[in-house]
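Engineer: Grab the two chains, each in its own frame, and use the hints to assemble them into the complex.
Keeping their order, the protein sequence lines are chains E and U.
Numbers 1 to 284, taken from this note's numbering, label the letters of the first sequence in order.
Numbers 1001 to 1355, taken from this note's numbering, label the letters of the second sequence in order.
It is possible that some hints are incorrect.
[To be verified] Derived contacts from chain U toward chain E, CB cut-off under 7 Å, selection only: (1) 1050; (2) 1052; (3) 1072; (4) 1081; (5) 1083; (6) 1089; (7) 1099.
In case anyone wonders, no lab produced these hints; they're calculated from the structure.
If you're wondering where the values come from, they're calculated on a predicted model, not measured in any experiment.
The beta carbon of each residue, even a glycine, is placed where N, CA and C say it ideally should be.
So you can see what is in the structure, the chains are spelled out below.
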Amino acid sequence: MKKLNIVLLIILLIFSLFSLFPIYWTVITALKVNSEIFTTTPVFFPTKITFSNFYTPGQTFGAVSQTAFGSLPWLINSTVIALLSSLIGTFLIGAPAAYALTHYLKNVWFGRTVLLMMMIPEAALIIPFYVIIIRVNLINTWWGLTLVYLSFTAPLSTWLLMGFFGDLPRSVEEAASIDGLSAYRIFYRIALPMVMPGIIVSIILNFINAWNEFLYALVLTYTPFPSGAQTVPIFLTDFIVIEKSFAWGGLAAAGVIVIIPSIVIGIYAQKYLVRGWTMGAVKE
Amino acid sequence: MSEVVIENLTKKFGNTIVLDHVNLTIKPREFFVLLGPSGSGKTTLLRLIAGLEDITEGSIYIDGEKVNEKPPKDRDVAMVFQNYALYPHLTVFDNIAMPLKVRGLSKDKIVQSVKEISIRLHIEELLQKKPRQLSGGQQQRVALARALVRNPKIFLLDEPLSNLDAKLRIEARTFLKSLQKELGVTTIFVTHDQSEAMSMATKIAVLNKGVIKQVADPYELYMKPQDMFTAGFVGSPAMNMIPGKVIREDSKWKFKSDDLKLELEGMAFDRESDVILGIRPEHIVIDNSGGIEGKILLVEPLGSVTYLDVVVGNTHLTVQYTGLVRLDAGMSVKLNFAADKMLFYDKATEKLINS
Chain E
1 MKKLNIVLLI ILLIFSLFSL FPIYWTVITA LKVNSEIFTT TPVFFPTKIT FSNFYTPGQT
61 FGAVSQTAFG SLPWLINSTV IALLSSLIGT FLIGAPAAYA LTHYLKNVWF GRTVLLMMMI
121 PEAALIIPFY VIIIRVNLIN TWWGLTLVYL SFTAPLSTWL LMGFFGDLPR SVEEAASIDG
181 LSAYRIFYRI ALPMVMPGII VSIILNFINA WNEFLYALVL TYTPFPSGAQ TVPIFLTDFI
241 VIEKSFAWGG LAAAGVIVII PSIVIGIYAQ KYLVRGWTMG AVKE
Chain U
1001 MSEVVIENLT KKFGNTIVLD HVNLTIKPRE FFVLLGPSGS GKTTLLRLIA GLEDITEGSI
1061 YIDGEKVNEK PPKDRDVAMV FQNYALYPHL TVFDNIAMPL KVRGLSKDKI VQSVKEISIR
1121 LHIEELLQKK PRQLSGGQQQ RVALARALVR NPKIFLLDEP LSNLDAKLRI EARTFLKSLQ
1181 KELGVTTIFV THDQSEAMSM ATKIAVLNKG VIKQVADPYE LYMKPQDMFT AGFVGSPAMN
1241 MIPGKVIRED SKWKFKSDDL KLELEGMAFD RESDVILGIR PEHIVIDNSG GIEGKILLVE
1301 PLGSVTYLDV VVGNTHLTVQ YTGLVRLDAG MSVKLNFAAD KMLFYDKATE KLINS
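Chain U on its own, in the form it takes in the complex (with noise of 0.2 Å):
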């Protein structure tokens, strides 16, 4: 139940800036998700945070110490690795140990703690095995039980999931969130799959080339995402961005592109502008009553959901409908935009525009 606040951190390696000058505030019991694309330094915070790295600027505090000179071993912090670094030479049993046998503990409670966290993990079978004997799952759990298993104030994870396979990764998932919820451990979690961070979650940091891009809950950052980076990252499939602009005519706000143009009811601008209209394929209902008329290039029937590829003039949309529905190539739509999910950007900042 510790707080973890980071300040006016800078990380260069060399001449190359890592973190250029992030801010953070990671409260207690927080499952907080650092999502970027691979080089966004999203790993290197984490380790910033763990003491694997030294700070060039700026400051890391825990529980409201300064932790910067602090070597990990003295920071209480626990790590789970990508590839999970396990002791390839120790057995399961004596990985788990490793840290509380470190802390001389007596047998007793080392045996008795690492039983615990085994059965808690599903993994007491396989005290006796060393590592290479696992799968990719069960290394994952004894990595898990090795760093929890000294309730440590902070709790990092580092792709803990990239190695699984489809399958097992959302079983991981579930297992993981309600795994921290039960123990309350402030988490940091590293990934880059957006899916993985919307679902896990209670705070998502958007990184991108070392800048923190939004910081806010899923909620938010996948319905008002601040700029055009994170609305075009976070979503599956990805947002639906139409460059154009934004005019005024006959006393009303229309948006304007090649292929489209929109009437813009209940919203307001300050002048007219460039801008790149963000919608995202759920918020483009089709309704044969009226609208935009589009023609269907590609049909993927998921089952719960069925994404369309619809042109319009020479603008490419996605759009979702939910449910399986027969349609096919070559067929005309009619589109209809959700005009209170309509997100503008500023075509030359790419930030939102109507917050």
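Here chain E stands alone, though its shape is the one from the complex (with noise of 0.2 Å):
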């Protein structure tokens, strides 16, 4: 038994080791002055810790002419864009569906189907969303981008949510009809607030998926806030796509900028995560 947890703890160590090493170097990278960015002998411990790649009065980058700290009308379009599409994902669709199927519609089958949706290759839907997108008026807007994301978001949480709203003691929901509550009621007073770890899941995956997704925004979106919905990631290649210089720090900075939403996320989240891909497991 010991000998195995040793093994196991060794198995995470390096899977850790592996996960969170890019990070690490985004972050190191993100503080380093560029001589210790360009060496041939990468540099593990930089010497010395610059915001400057954050910061710079005068300094800009790629075509948009920004650093990192230039990246709030981006981060703007990608906050609302991420809580719209995960709350309406979770909330107007998710649940409601997941409900009805688990509750009205019998056959488990078609609900399950609904994890079809997400097996299509973004870039299998990218011309038919782009010329849908541009026929109702909506390329380069919150409403335009949110729209397509909820093709991922929706079927995510509702198939999320149909294992919680299936494992619900159904006697709980019998007991508020007899006490008189409409299918409506039960549905939004009793059952819905049940599954509250399932809803927070949902919203957290949502969220996440929203903000990091690349190609639909690259496509749809062509302009930051105000006049436009172009989203963190796509700010991001501007460090890039330019002809002299390849702007690692400035890079690594806004990366950091753009990954802390999903760590601070996780890390408040993660025991509704442990909670929410166990539950079921065990009858109570």
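Structural biologist: Structure below.
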């Protein structure tokens, strides 16, 4: 038993190192001075710390003339769009759909097909989406990108919440119906609060997926806030797509800013994520 | 103070018949117990009355009104579930207040009603807690309070005591019984525990495999079980069942089995037949002045009574001795059967012959 634990620990350590190292590398690159970024032997522990990569007065990178500090207009777009597509996907589509599928439509297979929608690669949908969004005049807008993002947030929420709603003890909802609640009230006053861990997991996963999305944003938006809806992953490209220099310091600094929300949310949500994934595994 | 009438009620799940043409009348103020083993259909019957299941065939009337198509929320029944089914995300107060809020009562009225019922059920200290912070007994009281707070027409209970520990269960019985009497609400109580049924009910319906076997008050059910299933199910330890024959000999009716021969004085039968003799442990009396001789195999002293496993030939009999007695395995005793307490069941139909 003890041996197994040590082996497990080593595997987990390697795994953690593997997934945490890129984050570490991004962070130290963001804090390094240029002379330590461009070395033939990699510098793992910077000797000098600088914040100039985040903000240097007068310094610009790329076509949009920004340092990491100037990412605010993109951050605004990303936040709004990620929140909208996450909340709408969870509350307006995912939760009601999952509840109806588990409680009224007894055919489970139909419910599971919602996952199929997530299996279609983005690249296959990008042209149809582009045509549609142009036609409805939502190109380069919050709502345009939000609508497209719902194509992956809503199915994920539906699928995820089906598990939670399916595991609810039926007697509680029956008690509510005897107490006099209508079907609609049972949904939002009893069932929905009871699957709150699932709702939180759904919101977080949707938010992170929407926050990180690149391809749709690249094609469907072209200017930052306030004139357009370009999101922060596109902002990052401005640091590399230039002719003369690869602004690794600025890119890493911007990367750090982009990563921060995901990490903060991830840490906060950890307990819900664990509870969410294991819920239903144990019968009470 | 409402009446429930069940007419020809049949319930099928797919091709499985769960309830088979059930007819019952539950009178106002009655404490009516549905008693049966698991799978007998008793919970399904309760759920049909609540409106949680669809009726396959037949009708249910509450106060003369047919409720077949009425959703649960419009039937004005209240139910306590086996697992209590409290709303886990709400406080005890909000749990109890829920049926009142739904009915649009004023805030003052709700607070007052919740307060009254929680004082009556001794849970006024718990109103701000969440269900998971409560013990099983407290959860049960909250479930009762939630059901009773709105003065329902019918009060349904689905094995509400089965999750309590033994001591608490006995307390809850007494409490529920007196509460029901005080409130006078028509109550239907489902249980598989015959002692629970006997101790609480004013009337008991025994169910087996979806069929009503007998409807009677506890006294009659115990003394005159109409068929062998009821006879075996009601009473603990179970009734002795001895297969044999009723015969006419020397112009007297007699019972004869492999090991026993009893004269049946004062009894009359239509004809000689194969029967099962049923006699309760307390109706076999040890009287060493005379009787059938048997050998004690086991002694179970419980204090107020002592149960003896006595063997006569190859027939095992459970005998109850009132009080504590020093008897040991291996001793011989003489047994007398109380003639007026003997029940004879037809071997083929399993129905009571001597009513």
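Engineer: The structure should be examined with respect to each hint, and the outcome stated for every one.
Structural biologist: Here is what the structure says about each hint:
Here the hint on residue 1050 (chain U) is kept, as its CB sits about 6 Å from the closest CB of chain E, short of 7 Å. With a least beta-carbon distance of about 5 Å to chain E, the hint placing residue 1052 (chain U) at the interface is held under the 7 Å criterion. Hint status for residue 1072 (chain U): holds, given a least beta-carbon distance of 5 Å to chain E, under 7 Å. The beta carbon of residue 1081 (chain U) comes within 5 Å of a beta carbon in chain E, closer than 7 Å, and the hint placing it at the interface holds.
Restraint check, residue 1083 (chain U) versus chain E: the minimum CB separation of about 6 Å is within 7 Å; hint holds. Because the beta carbon of residue 1089 (chain U) sits about 4 Å from the nearest beta carbon in chain E, less than 7 Å, this interface hint is met. A hinted interface residue such as residue 1099 (chain U) counts as satisfied when its beta carbon comes closer than 7 Å to some beta carbon of chain E; here the least separation is about 4 Å, so the hint holds.
Figure legend: structure checked against the earlier numbered hints; every hint is met.
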